[in-house]
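Just so you know, the sequences run in chain order A, B and C.
The number in our numbering is simply the position in the first sequence, starting from 1, with 139 added.
The number in our numbering is simply the position in the second sequence, starting from 1, with 139 added.
The number in our numbering is simply the position in the third sequence, starting from 1, with 139 added.
No wet-lab data here; the hints were simulated from the structure.
Note that the structure is predicted; figures quoted are calculated from it, not measured.
There is no bait here: all hints are sound.
No copy labels: a pair is met if it fits in one copy or bridges any two.
BS3-like mimics (lysine-lysine), calculated; alpha carbons at most 30 Å apart, straight line:
| no. | residue 1 | residue 2 |
| --- | --- | --- |
| 1 | K271 | K311 |
| 2 | K159 | K311 |
| 3 | K241 | K271 |
| 4 | K276 | K230 |
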Amino acid sequence: MKIASVTISDRASQGIYEDKSGPAIMAYMEQAVVTPWEKVSCVIPDGIDSVRDTLLDLCDNQKVDLILTTGGTGPSPRDLTVEAMADVIEKELPGFGELMRKVSLEEVPTAILSRQTAGIRGSSLIINLPGKPAAIKTCLDAVFPAVPYCLDLIGAGRIETDPEVIKVFRPKGA
Amino acid sequence: MKIASVTISDRASQGIYEDKSGPAIMAYMEQAVVTPWEKVSCVIPDGIDSVRDTLLDLCDNQKVDLILTTGGTGPSPRDLTVEAMADVIEKELPGFGELMRKVSLEEVPTAILSRQTAGIRGSSLIINLPGKPAAIKTCLDAVFPAVPYCLDLIGAGRIETDPEVIKVFRPKGA
Amino acid sequence: MKIASVTISDRASQGIYEDKSGPAIMAYMEQAVVTPWEKVSCVIPDGIDSVRDTLLDLCDNQKVDLILTTGGTGPSPRDLTVEAMADVIEKELPGFGELMRKVSLEEVPTAILSRQTAGIRGSSLIINLPGKPAAIKTCLDAVFPAVPYCLDLIGAGRIETDPEVIKVFRPKGA
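Same shape as in the complex, but just chain A:
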């Protein structure tokens, strides 16, 4: 089982500021996921090519089961994560973006500006998270209960979680 964080930010990738989002994702995973897993982390610049090439490598070569991106989902000219996703995913899961925007909207009205989505490529699930650590937690709390069953369905590795941190849901018989 491999879980990757992909921080997508021109400034973080140039070392202009410290990446706090990738580590926030990994800290969440360390708390939540109790079955063994291997960590992969990247910090890359914004841009369709950089995001697409990184996601393709993580899916096809490194066989990462769960890929969590952070950044690049807004309306700014350099926000191109969603455009790269369109080149990479074979199936979009629109319910992830809908739910993440809904829960974020309870915190900030600008949540509707996020174009974040999720999708599947082969046996990899890719979820776009916001750039800010607080918003990352809000979104993961909302969608993570459905992630382990999704990974089961696409033939990825099996995850169990600490129910004190996050309860996962698998339908009866699954």
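Start from chain A and add chains B and C according to the hints.
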């Protein structure tokens, strides 16, 4: 007025298990729709070609007004209903999928894994429902109030319902 | 700063009935936006070509910052605003359509029939509003708090509002 249920399932189409979803859809329609209508039912395997060809035949040849599919909207490799929909519909109605996921999410966290949508081809409205009978009722209860007016707008047949079962809504003057 | 209303209606464009939707949008903007802005208004027929050409002209030639369309987002054969949008926008912002349908759904069950969306072309933000003045206000009340920050991010003009009418939100440090 014709209403079709399309059960999309490799196992049901091979007779490995009994189709309970198509009959659940038809039982709902029999209770809800009081104006005369003709029933069409199919059970077909998963797959882009089988779903696309069936939907095209129901829309273009059989002139079915309302087509309710069940199954094939999840993230599994053989869930290809949504891919077939993309080949068939001329207009997508994203509000149906959003609302069906929202009401399903009140029952199970894995509702966000559903890619179900709705769309129009000519004078036919196609709505993707979940595979499980209980979830079918949840979704129909949520979206059916808007279905008769949608059928009016696209030039399909007129539906009246039993308001004890489901109340339809048509804007004043419509 | 330029703000445009685009009324999309065969009948209004032929003078068969008076356009009340464009003026309703402009009355809202006059109440809400306190920084200086220039008004642009058009009334055009339904149809992919008419809507696309008008939107392209407003974005590329007239450099309008904020374009608010009304009409043409339903399921009827002549409702083609969304098809024209697909030709014009470079980035879709799905959160706008989701939220506008959600708040409209609290008023009428047929809100799920609306295909309205929003998107960006260059430094212009385009938002599809419903046809009816009451529904226009419902939608603008819901999404407008995020509009000024969106305009900041795409390099459009800066808007300040009367907080008694509508409170805008910009993240701290923005």
